[in-house]
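Sequences listed follow chains A and B, in order.
Reminder that position 43 of the first sequence reads as 43 in the numbering used here, one-by-one numbering, no gaps.
Reminder that position 1 of the second sequence reads as 1 in the numbering used here, one-by-one numbering, no gaps.
No false leads were slipped in.
Some, not all, of what chain B presents toward chain A, calculated at C-beta under 7 angstroms:
#, residue
1, 1
2, 3
3, 4
4, 5
5, 16
6, 19
7, 25
8, 98
9, 102
10, 105
11, 106
Beyond 10 angstroms from chain A on every Cβ pair, some chain B residues (computed):
#, residue
12, 61
13, 63
14, 157
15, 209
16, 216
17, 228
18, 241
19, 247
Just so you know, these hints were derived from the structure itself, not from any lab.
Every residue gets a Cβ at the ideal spot worked out from N, C-alpha and C, and that includes glycine.
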Amino acid sequence: MSNYFYVAPEQLIKDRAEFAQKGIARGRSIVAAIYDVGVVMVAENPSASLNKISEIYDRIAFAGVGKYNEFDRLREAGIRWADGTGYTYSREDVDARALANFYAQHLGDMFTEGQKPLEVEVLVAQLGNKFRSTKLYRIAYEGTISDETDFAVLGGDAETIKERFASLEVGRLSLAQTLKNAVSALAGPDRQLPVEDLEVGVLEDHGERRTFSRLGDEQIARLLT
Amino acid sequence: MGLPLYDAQSDPGPSFVRFAEMSGLTTRSDSHDLSAHATTVVAVRHRDGVVMAGDRQATTYYVANRDVRKIEAADRFTALAISGSAARGLEFIRLAQLSFEHYEKMTDTALSLEGKANYLSPLIQRNNLTSTLVVLPLLAGWDLAHQRGRIFEYDGAGGCYERQDFSVIGSGSPFAESTLRLGFTPDMTQEDAVALAALAIYEAADNDPSTGGPDFVRNIYPMLVTLSAEGFRELDQDVAAATFRSINDRRAESGGVAGGTLR
Chain A
1 MSNYFYVAPE
11 QLIKDRAEFA
21 QKGIARGRSI
31 VAAIYDVGVV
41 MVAENPSASL
51 NKISEIYDRI
61 AFAGVGKYNE
71 FDRLREAGIR
81 WADGTGYTYS
91 REDVDARALA
101 NFYAQHLGDM
111 FTEGQKPLEV
121 EVLVAQLGNK
131 FRSTKLYRIA
141 YEGTISDETD
151 FAVLGGDAET
161 IKERFASLEV
171 GRLSLAQTLK
181 NAVSALAGPD
191 RQLPVEDLEV
201 GVLEDHGERR
211 TFSRLGDEQI
221 ARLLT
Chain B
1 MGLPLYDAQS
11 DPGPSFVRFA
21 EMSGLTTRSD
31 SHDLSAHATT
41 VVAVRHRDGV
51 VMAGDRQATT
61 YYVANRDVRK
71 IEAADRFTAL
81 AISGSAARGL
91 EFIRLAQLSF
101 EHYEKMTDTA
111 LSLEGKANYL
121 SPLIQRNNLT
131 STLVVLPLLA
141 GWDLAHQRGR
151 IFEYDGAGGC
161 YERQDFSVIG
171 SGSPFAESTL
181 RLGFTPDMTQ
191 EDAVALAALA
201 IYEAADNDPS
211 TGGPDFVRNI
221 YPMLVTLSAE
231 GFRELDQDVA
241 AATFRSINDR
251 RAESGGVAGG
261 TLR
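When you get a sec, could you build the whole thing from the sequences and use the hints?
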């Protein structure tokens with residue numbers, strides 16, 4: 001017969017939270033912000049192919065920090081859920097809040113019941129239209145979901161970056177200005193981020209059904225000057 | 001539907017159809033002959049791409065619908081057309097469009113044109129070999145990698161064949177095909193190809209009761225689509241109207257006789 005030591009639930013939760021936080025803190029951060037006509041997501045990501053920001057649906061985008069394999073599975077599940085829902089009902093019926101709730105449930109379940117909590121934080125962004133408003137949902141490793149009004153910062157260094165960004169971004173600015181602010185908030189006072197280390201995704205209406213686009217290095221450089 | 005998470009062994013990957021089947025989104029039941037039929041679409045290759053033309057009629061024992069769209073953009077550079085069961089065909093287009101986009105979002109790369117063409121084969125095979133509601137699609141597009149227009153046609157069992165000249169699907173095929181055979185030249189301009197494709201549909205509508213011709217009363221005209229380096233473009237109904245009106249005028253002048261020329 002094996003013996004189990006008693007661990008108080010408070011301790012268990014604390015240990016799990018610490019474990020997840022440590023994992024998330026190892027990665028770089030992401031800033032997502034609503035600008036005058038869209039949503040921009042800016043990640044510090046030296047890899048050009050292992051993306052942190054991705055398209056989910058016509059007006060919905062995803063961003064994740066932490067362990068790549070873990071948030072990438074969530075991204076894939078999100079695309080499947082969105083395409084499946086749009087196929088079953090209608091494209092208009094795909095709503096970011098429902099997806100954010102599913103992510104929150106799953107992360108919450110994994111945090112309390114999983115072998116280990118997921119070491120990720122994810123963001124679901126929705127570009128508004130006549131029927132829905134522009135939204136940023138941030139979902140933390142333990143399933144806490146928050147509806148951010150203007151911008152969201154994900155990752156280990158979130159608090160500092162948040163402060164820096166809040167001091168720069170006043171009101172709804174242009175894409176170029178918001179991008180500049182996001183990059184300088186990510187970099188901090190003593191660092192300069194090279195364009196190649198930036199991954200930028202944008203949700204903006206151009207009269208087409210799909211609104212997500214990635215900005216290439218050249219486009220980013222042009223916007224930053 | 002809950003969050004569709006899979007472990008590594010059972011993961012359906014970037015295939016939307018496989019995912020849809022695993023999660024029971026697609027169901028199949030078999031009834032026969034209740035459904036309307038969609039007919040006659042042509043695709044013609046020319047030196048700068050491909051043009052497609054398709055009539056607008058769905059037919060049961062009577063005219064079921066006069067403004068069906070049988071050609072749709074599968075994505076920015078690809079068009080998909082259907083003949084056969086209208087219900088299954090339109091569903092097929094929806095599934096194909098979604099599949100290509102799903103793959104692109106999952107992998108962050110678009111499927112090659114050949115990849116899209118091959119992806120459709122098993123879908124056709126499964127539908128046509130298990131159902132009396134047969135669908136026969138036609139895929140055409142601008143191949144970004146090889147910088148040329150390409151046409152892929154299918155047989156009833158899902159076999160996929162690339163055509164270098166032109167392809168025809170639907171019940172008006174014999175008449176449309178004959179027209180294309182006589183009028184096709186490999187170095188046609190897009191303008192010539194549009195005129196020829198329109199004429200092929202006109203001839204099909206003239207002789208096949210299930211193919212709808214230009215409807216000058218209701219102002220409904222066959223669809224004319226171009227695929228080139230600029231992508232999928234549907235010509236305005238005004239342009240289609242003018243194209244078919246000029247064919248009609250010429251035909252009226254000759255008293256309804258094609259007269260052995262392609263005019």
